[in-house]
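Undergrad: Heads up: the sequence lines are chains Z and L, in that order. Per the numbering used here: the first sequence = residues 275 to 480. Per the numbering used here: the second sequence = residues 24 to 157.
Keep in mind that the hints were calculated from the coordinates and are not lab data. Hints may be right or wrong, so weigh each one.
[What the hints assert, rightly or not] Quick list of simulated restraints, FRET-style, between CB atoms:
1. 473(Z) with 45(L): 37 to 47 angstroms
2. 353(Z) with 102(L): 35 to 45 angstroms
3. 434(Z) with 140(L): 15 to 25 angstroms
4. 400(Z) with 130(L): 15 to 25 angstroms
5. 62(L) with 295(Z): 51 to 61 angstroms
6. 297(Z) with 45(L): 26 to 36 angstroms
7. 442(Z) with 45(L): 14 to 24 angstroms
8. 415(Z) with 104(L): 19 to 29 angstroms
9. 353(Z) with 62(L): 24 to 34 angstroms
10. 295(Z) with 102(L): 43 to 53 angstroms
11. 294(Z) with 95(L): 56 to 66 angstroms
[What the hints assert, rightly or not] Only part of the chain L face toward chain Z is listed, based on derived beta-carbon distances under 8 angstroms:
12. 98
13. 102
14. 105
15. 121
16. 136
Every value quoted in this text rests on a predicted model; they were computed, and no experiment measured them. Virtual Cβ for every residue (Gly too), placed ideally from N, Cα, C.
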Amino acid sequence: MSLRKEDVVRCLLKLLLLALREFMRSTGSAFARIASSRLPLIDTPPERAGARGIMPSHEAMEDDMLLSDFGRIGFDPFLEMRRMQQEMNQRLGGLRTNAAQEFPPVNLWLSENSVAVTAELPGIAPDDVDLTVRENTLTLKGERKSQDETSVWHRRERPSGRFSRTIQLPFRVDSEQVEARFANGLLEVELHRPEADRPRKIQIKG
Amino acid sequence: MAQELQTTDRQVPSKLDGSEPTRSRQVFVPRADIYETTDQVALLVDMPGVASDGVDITLEKRTLAIRGYAANQLRESYRQIYAEYGAGDYERVFTLSEDIDRDGIEASQKDGVLRLVLPKAAPAKARKIELKTA
């Protein structure tokens, strides 16, 4: 089978155009994601890593049908491109939450008469954390030691040094009633509301 | 007191081989320190919430895969009002640049940090081949 020169050129042009369109779409969607992102103060459940891409989107399905001819000749440049787009979206999707956070990151949990603070403190011995409670604040203090061995570093991503963080709690807490647990690098502090501050239910007399 | 410690975001979904886990759970790329001494390579991986029985390490040729499965943190009668970190599993794969003595690998998990010591394999000894003279 012989190919004419014009055919080849036309085919290449078409390919380039489609590629450009695909690329525009991929970057477009990624940037739209950034633009619409907001830092959640009271957190909604974060987007699950696996949730994306279980169902093919309408767009992707359309492309599959449109590009099925490429699959027939054994080479599909758009498959690669879609993969790239997915990866880019995932990478940029990670920017959504926040760039740099304070150490340690904390979660706050609330129940009727108590509040629980959990913090990620990997690599810190329970004795090295200093907890102080005052009125409605909890302060975490400590130090994370770094490796002192003289060696060649390949990667150094784990933060080290002294840290101090004060967390404001939603209500005043009883400094006598504090329970702290530490397991597998997760600190859990449970603080209770003082008896006098608890909301009282008032009965209505008939 | 000023904040001396800042951590960068690590909410990047891991993508080892393009597939996705069946469990709909967040998967994080854990932060790691890697350093090398003359006779070993050591890895420190932050995996808070992972107990020692939840760690899975595989070394295939020069590919070292580390997986950590965190226990579910369920709190009855509590509701979450603020979150800075998410609970989930950890996954990270490294390609080693040196030959490793497989039998000498040591791993330990303490306070949510995995410590992996990979001793380097002894360099292949140069062997002199002598010609036999008939």
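Undergrad: For every hint, state whether the structure bears it out.
TA: Hint-by-hint comparison with the structure:
1. 473(Z) with 45(L): 37 to 47 angstroms: holds, 44 angstroms
2. 353(Z) with 102(L): 35 to 45 angstroms: holds, 44 angstroms
3. 434(Z) with 140(L): 15 to 25 angstroms: holds, 19 angstroms
4. 400(Z) with 130(L): 15 to 25 angstroms: Given about 22 angstroms between the Cβ atoms, the range holds.
5. 62(L) with 295(Z): 51 to 61 angstroms: holds, 55 angstroms
6. 297(Z) with 45(L): 26 to 36 angstroms: At 32 angstroms between Cβs, range holds.
7. 442(Z) with 45(L): 14 to 24 angstroms: violated, 40 angstroms
8. 415(Z) with 104(L): 19 to 29 angstroms: Holds: the Cβ-Cβ distance is about 23 angstroms, inside 19 to 29 angstroms.
9. 353(Z) with 62(L): 24 to 34 angstroms: violated, 45 angstroms
10. 295(Z) with 102(L): 43 to 53 angstroms: holds, 46 angstroms
11. 294(Z) with 95(L): 56 to 66 angstroms: About 46 angstroms separates the Cβ atoms of residue 294(Z) and residue 95(L), which means 56 to 66 angstroms is violated.
12. 98: Check passed: Cβ of residue 98(L) comes within 6 angstroms of chain Z, closer than 8 angstroms.
13. 102: Result: holds, 6 angstroms to nearest chain Z Cβ.
14. 105: holds, 4 angstroms
15. 121: violated, 11 angstroms
16. 136: OK, holds: residue 136(L) within 8 angstroms of chain Z, min 4 angstroms.
Consistency with the previously given hints fails for numbers 7, 9, 11, 15, ordered from lowest to highest.
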